[in-house]
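Undergrad: Residues per chain, in single letters:
Protein chains: 2
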Amino acid sequence: MIQENYFDLLFNPRGIVIYGVNKAPYGGTFFLRLLVQMKFDKPIYCINPKLKGENLYGYTVYGSIHEISKEDPIDLAIIAIPARFTPGLMKELGEHDVKFAHIFTSGYSEVGNIELENQLLEAAKLHNVRVIGPNCVGIYSPSSKITFAPDSSDVAGNIAFVSQSGGLAIRLAKNGPSREYYFSKIVSLGNQIDINITELLEYFKNDSETKIIGLYIENIGPQGKKFLDLVRETTLKKPVVIWKAGISDTGKSAVMSHTGGLAGDYKIWQAMAKQSGAILVENFQELTETIQALSFYNIPETKDITILSAGGGNSIEATDDCERAGLNIPIIPRSVQEKIHEFIPKVNTNVQNPFDLGAVGLNNTSFGKVIRILKEDTSIRTVIFIRSPERFKAYEQVQKIPDFENDLIAHLTETQDKNLMLLSIPLLLDENEYTVKARYQYRKKLEQHKIMSFYSAVSAAKCVKRLWEYGNFLRKVENTKN
Amino acid sequence: MIQENYFDLLFNPRGIVIYGVNKAPYGGTFFLRLLVQMKFDKPIYCINPKLKGENLYGYTVYGSIHEISKEDPIDLAIIAIPARFTPGLMKELGEHDVKFAHIFTSGYSEVGNIELENQLLEAAKLHNVRVIGPNCVGIYSPSSKITFAPDSSDVAGNIAFVSQSGGLAIRLAKNGPSREYYFSKIVSLGNQIDINITELLEYFKNDSETKIIGLYIENIGPQGKKFLDLVRETTLKKPVVIWKAGISDTGKSAVMSHTGGLAGDYKIWQAMAKQSGAILVENFQELTETIQALSFYNIPETKDITILSAGGGNSIEATDDCERAGLNIPIIPRSVQEKIHEFIPKVNTNVQNPFDLGAVGLNNTSFGKVIRILKEDTSIRTVIFIRSPERFKAYEQVQKIPDFENDLIAHLTETQDKNLMLLSIPLLLDENEYTVKARYQYRKKLEQHKIMSFYSAVSAAKCVKRLWEYGNFLRKVENTKN
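Chains as they are written, first to last, in my numbering: chain B, 3 to 484; chain W, 3 to 484.
What the hints contain is simulated information worked out from the structure, not anything from laboratory work. Careful, some of the hints might be misleading.
Copies of the same chain look alike in the list, so a pair counts if it works inside one copy or between any two.
[What the hints assert, rightly or not] Below, computed lysine to aspartate or glutamate pairings styled on EDC-like, alpha-carbon distance capped at 16 Å:
{"hint": "1", "residue 1": "LYS447", "residue 2": "GLU433"}
{"hint": "2", "residue 1": "LYS93", "residue 2": "ASP231"}
{"hint": "3", "residue 1": "LYS147", "residue 2": "ASP306"}
{"hint": "4", "residue 1": "LYS447", "residue 2": "GLU435"}
{"hint": "5", "residue 1": "LYS54", "residue 2": "GLU449"}
{"hint": "6", "residue 1": "LYS227", "residue 2": "GLU69"}
{"hint": "7", "residue 1": "LYS305", "residue 2": "GLU204"}
{"hint": "8", "residue 1": "LYS25", "residue 2": "ASP306"}
{"hint": "9", "residue 1": "LYS25", "residue 2": "ASP10"}
{"hint": "10", "residue 1": "LYS483", "residue 2": "GLU449"}
{"hint": "11", "residue 1": "LYS25", "residue 2": "GLU73"}
{"hint": "12", "residue 1": "LYS269", "residue 2": "GLU325"}
{"hint": "13", "residue 1": "LYS239", "residue 2": "GLU480"}
{"hint": "14", "residue 1": "LYS377", "residue 2": "GLU182"}
{"hint": "15", "residue 1": "LYS447", "residue 2": "GLU416"}
{"hint": "16", "residue 1": "LYS467", "residue 2": "ASP306"}
{"hint": "17", "residue 1": "LYS52", "residue 2": "GLU73"}
{"hint": "18", "residue 1": "LYS239", "residue 2": "GLU94"}
{"hint": "19", "residue 1": "LYS25", "residue 2": "GLU433"}
{"hint": "20", "residue 1": "LYS269", "residue 2": "ASP156"}
{"hint": "21", "residue 1": "LYS101", "residue 2": "ASP196"}
{"hint": "22", "residue 1": "LYS239", "residue 2": "GLU69"}
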C-alpha cells in the first residue's frame with residue numbers, strides 16, 4: 003500500500019527526465035516543447051545517446067541518466083522510446099530513484115503484445131518504479147505547469163479527471179478552460195498496467211485541491227469490488243461523474259483494441275451508480291455539461307424548473323423536454339405572478355410557468371426584472387431562459403447585439419449566485435458567420451458569469467436531473483443515518 | 003369541399019391587400035416591407051383610412067378596398083387591425099372576391115375571447131373568405147416572393163411545412179436556407195379556425211413542388227380520423243415528419259394559452275405514427291435534422307453504420323451511441339479491410355469497423371482514399387466520419403485548415419451521392435472565436451455538398467434510425483401487397 007499523498011510527487015515532480023527526444027518535434031520532444039511552452043520551472047533532463055551534448059529548446063541532451071547527479075531529484079520520467087526497450091529502462095530509473103514513469107509508447111497488450119507488457123510491469127515492480135500507461139499521454143497538472151496538449155491553460159481549478167483515453171484527456175483539458183471550468187489534475191492511464199483508476203480515485207478523494215471527480219472508464223480490471231466501495235465513500239464527500247464507454251458489443255471489441263481491456267456489462271454499471279451515488283453519463287457532451295454544472299452551481303434541492311421565454315412555441319418545447327426528462331414545472335406562486343404583471347401585460351402572455359413573456363419579454367430591462375423577482379422567491383431555484391442573441395440583426399430598429407448582451411448580462415449577473423441555477427438556451431435561427439459568432443460571444447459572456455448555455459432544452463433538462471439525483475442520493479443517505 | 007388546387011392562389015396570389023399599415027414599421031407595414039424586400043412583383047394594395055393618399059414604401063395607401071377596381075384580382079388579404087374589427091372586414095373582402103385572409107391579429111380564443119373568434123369565422127364563411135389563423139404569421143412562398151421573416155431566401159426547395167407556431171415557422175424559414183435545405187411553402191396556422199392542418203396536408207400530398215412534408219402540431223381538432231387516413235395515404239408518396247408539441251401536462255396547458263386548443267395524448271400520437279408511417283420527432287433539433295437528411299439523402303436500406311475515426315476513444319463513443327440508438331455496426335468485409343491496409347498500417351489501428359485509422363488517418367489523402375474504397379463496396383451505405391476541423395491549429399507542422407478542408411472536401415465530394423449517407427461529427431475541443439468559425443466554415447462547406455454535420459453521434463444515430471424506420475414501413479407495406 004502506498005502512502006496517501008505519494009502521488010503528490012507525480013503531480014508536482016521536483017525534476018523530469020524525458021527519454022526519446024529527437025530533432026523532429028514528435029515523441030519525447032513533443033513533451034519537452036509542452037513543458038517549455040508551459041514554463042515548467044523545475045529541472046528537465048533530456049536523454050538520447052545519439053544526440054548527446056546537443057541542445058534542444060534550451061536543454062542539454064544527456065547520453066544516459068547516469069550522467070545526472072543523484073543529488074538532483076527526478077520524480078517523473080516521460081518515455082517515448084520503442085516499446086521493446088522499455089522494460090530494460092526500469093533498472094536505470096530505479097537506480098536514480100525515479101518514482102514515476104509515464105510511458106507514452108504504445109504497442110503492448112492493445113496490439114496483442116501481452117508478453118512485453120508483462121515484462122515491463124515486472125521490471126518496474128522490481129525497481130520500484132510506478133508506471134502510468136503504457137499507451138497514454140500522461141498528466142496535466144496546471145499548478146505545476148505540466149501538460150500533454152499544446153496551448154494548455156495554466157489556471158488550476160477543482161476538477162480532477164482520470165481517463166483511459168488520451169484523446170479524451172486532451173479534449174477535456176482544452177474544452178474546460180475555454181468554457182470556464184478548470185481542472186486540478188487530469189491523468190491519462192491508457193492500458194493502466196500499474197497505477198489504476200481505483201488508486202487515483204482514492205488519492206483524489208482526499209486531495210484538498212479537488213472538489214469534483216470525473217472518470218472515463220473503458221475497463222476497471224480486477225479491482226471491481228474495491229472500486230465500488232471507494233466510489234461509495236467518495237460520493238459522500240464530493241461528486242463522482244463516471245462515463246463508462248464500450249457498453250455495446252461492438253464498442254466492447256473496440257475497447258479491446260484501444261486499451262487492451264475487457265469492458266463490463268452496462269447494467270452492472272447502472273446498478274453500481276445507483277448504489278454508490280455516482281453520476282453516470284453516456285458521452286462527451288453529457289460529461290462536459292455535468293462537470294461544468296457541478297463547478298458552476300450548488301446541487302438543486304428540488305426538480306422544479308421555471309421556464310422563461312418570449313414566445314409560446316419555445317416555452318412549450320422546453321416544457322415538453324423538461325417533463326420528458328422527469329422534472330417538474332410548478333405553477334409560480336400567485337403573489338409572484340402579480341408582481342410580474344405589474345410590468346408584463348396580461349394579453350398574449352403567460353406568467354404561471356412556463357412563462358411566455360410576449361413581445362415585452364424581448365426587452366432586456368423587463369427580462370432582467372422578471373429574473374430578479376424570481377430570485378427573491380426562495381421557492382424558485384432553477385431557471386431556464388430562452389433568448390436568441392443573434393435574432394435582432396434584421397430588425398434595424400430593435401437594439402443592437404452588443405447593448406443587448408451587456409444589458410442582459412448586467413441584470414443576470416446581479417441575480418446569479420451559487421443557489422440560483424440560470425441556464426441559457428439560444429434559439430437557433432440561421433447559421434451564418436454573424437450568428438455563429440454572436441452565439442459564441444453571448445455564451446462566452448454568460449459562462450464568464452457562471453451561467454451555463456445549452457444548445458437544447460433536452461440537454462439542459464437532463465443535466466439538471468443528474469445533479470438533482472445526486473442530491474437526492476445524499477439526502478437519502480442522511481435520512482438513513484437519522 | 004374545395005378544389006384540389008384551390009390553394010395555388012394562396013401561395014401564388016395575383017394581388018395582395020394589406021390592412022393595418024402604419025408609418026411605424028410594425029403590423030401591416032411589417033408585411034409590406036417584407037414584400038418589398040422580397041421584390042414581390044404583383045400588385046400590393048395598402049389600406050388605412052387615416053393615411054389615405056399617402057405613400058408607404060412606394061405604394062399608395064387606400065381608404066378602403068372599394069377604391070380598388072374589381073377588375074384587379076386580389077387573392078390574399080393580410081390583416082393586422084385590432085381583433086374587434088376583423089369580423090366586420092369579411093364582408094368587404096367577400097365583395098371584392100378576396101379568396102384568403104391571413105389574420106395576423108391576436109386576441110381570440112388563445113386569451114379566452116371565443117365569442118369574437120366565432121363571429122370572425124361565421125362572417126368569413128358567409129362571405130366566402132377562407133381564413134389563415136388568426137394569431138399567426140401567415141405564409142412563406144419563396145417562388146412567389148412572399149414571406150413572414152426579414153432577409154428570407156427566395157430559393158424554392160421541395161419541403162412543405164405547416165406550423166401552429168409562428169415563431170417556429172420563422173425559425174425554419176431562416177434555418178433551412180442557411181443550412182442548404184429549402185422550402186416549397188411554409189404556412190403558419192395559429193388558431194386554425196378555418197384552414198387547418200388536414201386540408202393543407204391534402205394539398206401538399208398532391209403538390210408537385212413538394213417532396214417532403216413537415217408538420218408542427220399543437221392540437222389537431224375534430225379532424226383526427228380524417229387526418230390519420232390522410233397521413234397514411236401521404237406517407238406512401240412522400241415522407242411526413244410530425245412534431246407533436248404539448249405532450250406533457252404542463253405543456254398541454256401552455257398550448258391552451260398559445261393557440262387556444264387542447265393537446266392530445268402523446269401515446270395516441272406514437273401509435274398513429276407507427277400505423278401511418280409518419281416520422282415523429284420531439285424538438286426543433288430533431289425536426290431540422292430529419293428534414294435536412296430527407297432532403298440530402300435517399301432512405302437507407304439497412305441500419306448498418308460504418309464509423310470512421312482517427313482515435314480509439316472517439317470511435318468507441320460513436321459506437322456506443324449508434325448501438326444505443328438501435329443501429330448495427332457490422333464488420334467490414336475482409337477484402338475491403340485488406341485494400342485499406344495497403345496504406346493504413348496494422349499497428350495501433352482498426353479497420354474492421356468501428357475504424358480507428360490512427361495517426362495516418364489524420365492525413366486527408368488517406369482519409370479520402372478510405373472513403374472511396376468504402377463507396378466501391380455496395381454493402382456500405384451510411385458512413386459517420388469524425389474529424390476536427392479546428393484541431394490542427396496548434397501543431398505548426400501539420401497542414402493548415404484551409405488546405406485541410408479543401409483537400410478533404412474534394413475527396414468527399416467525389417464520393418458523395420444520394421445513396422451514400424456521409425455524416426460528419428466534429429470533435430469539439432476548445433471553444434474560441436477561431437474554432438467556432440472553423441467548425442462553421444467546415445460545416446457550411448460540407449452542407450453545400452449535401453453532407454450533413456452533427457454535433458453529436460447520438461443525434462446522427464437517431465436521425466439515421468428515423469429514416470431507416472420510414473423505409474422499413476414502406477417495405478412492409480410493399481410486402482403486404484405482394
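Undergrad: So, for every hint listed, does it hold in this structure?
TA: Structure-based check of each hint:
In this assembly of identical chains, the alpha carbons of LYS447 and GLU433 lie at most 16 Å apart only when taken from different copies (12 Å versus 20 Å within one copy). For a Cα distance limit of 16 Å, the shortest separation of LYS93 from ASP231 qualifies neither inside one copy, at 35 Å, nor across copies, at 79 Å. Proximity of LYS147 to ASP306 under the C-alpha cut-off of 16 Å is found in neither arrangement, the shortest distances being 42 Å within a copy and 45 Å between copies. Taking the closest pair of Cα atoms, LYS447 and GLU435 come within 16 Å of each other only across two copies (13 Å); inside a single copy the shortest separation is 18 Å, beyond that limit.
In this homomeric assembly, LYS54 and GLU449 never come within 16 Å of each other (Cα to Cα): the closest approach is 48 Å inside a single copy and 52 Å across copies. Taking identical chains as interchangeable, the C-alpha atoms of LYS227 and GLU69 are never at most 16 Å apart, the minima being 45 Å within one chain and 88 Å between chains. Neither within a single protomer nor between protomers do LYS305 and GLU204 lie at most 16 Å apart by alpha-carbon distance, with minima of 31 Å and 43 Å respectively. Taking CA atoms no more than 16 Å apart as the test, LYS25 paired with ASP306 passes in neither setting, with 59 Å inside one copy and 45 Å between copies.
Within a single copy, LYS25 and ASP10 get their C-alpha atoms no closer than 32 Å, and across copies no closer than 72 Å, so neither meets the 16 Å cut-off. Taking CA atoms no more than 16 Å apart as the test, LYS483 paired with GLU449 passes in neither setting, with 38 Å inside one copy and 57 Å between copies. Taking the closest pair of Cα atoms, LYS25 and GLU73 never come within 16 Å of each other, the shortest separation being 29 Å inside a single copy and 86 Å across copies. When the C-alpha separation of LYS269 and GLU325 is checked against a cutoff of 16 Å, the pair qualifies only between copies, where the shortest distance is 15 Å, while the shortest distance within a copy is 25 Å.
Only within a single protomer do LYS239 and GLU480 lie at most 16 Å apart by alpha-carbon distance; the minimum there is 13 Å, versus 60 Å between protomers. For a Cα distance limit of 16 Å, the shortest separation of LYS377 from GLU182 qualifies neither inside one copy, at 23 Å, nor across copies, at 42 Å. In this homomeric assembly, LYS447 and GLU416 come within 16 Å of each other (Cα to Cα) only inside a single copy, at 14 Å, whereas the closest approach across copies is 41 Å. Proximity of LYS467 and ASP306 under a CA criterion of 16 Å is satisfied intra-copy only: 10 Å inside one chain copy versus 33 Å between copies.
For the homomeric pair LYS52 and GLU73, neither the shortest alpha-carbon distance inside one copy (25 Å) nor that between copies (96 Å) is at most 16 Å. In this assembly of identical chains, the alpha carbons of LYS239 and GLU94 never lie at most 16 Å apart, being 40 Å within a copy and 74 Å across copies at closest. Taking the closest pair of Cα atoms, LYS25 and GLU433 never come within 16 Å of each other, the shortest separation being 44 Å inside a single copy and 32 Å across copies. In this homomeric assembly, LYS269 and ASP156 never come within 16 Å of each other (Cα to Cα): the closest approach is 38 Å inside a single copy and 52 Å across copies.
In this homomeric assembly, LYS101 and ASP196 come within 16 Å of each other (Cα to Cα) only inside a single copy, at 13 Å, whereas the closest approach across copies is 80 Å. In this homomeric assembly, LYS239 and GLU69 never come within 16 Å of each other (Cα to Cα): the closest approach is 46 Å inside a single copy and 80 Å across copies.
Comparing the model with each numbered hint stated earlier shows that hints 2, 3, 5, 6, 7, 8, 9, 10, 11, 14, 17, 18, 19, 20, 22 do not hold.
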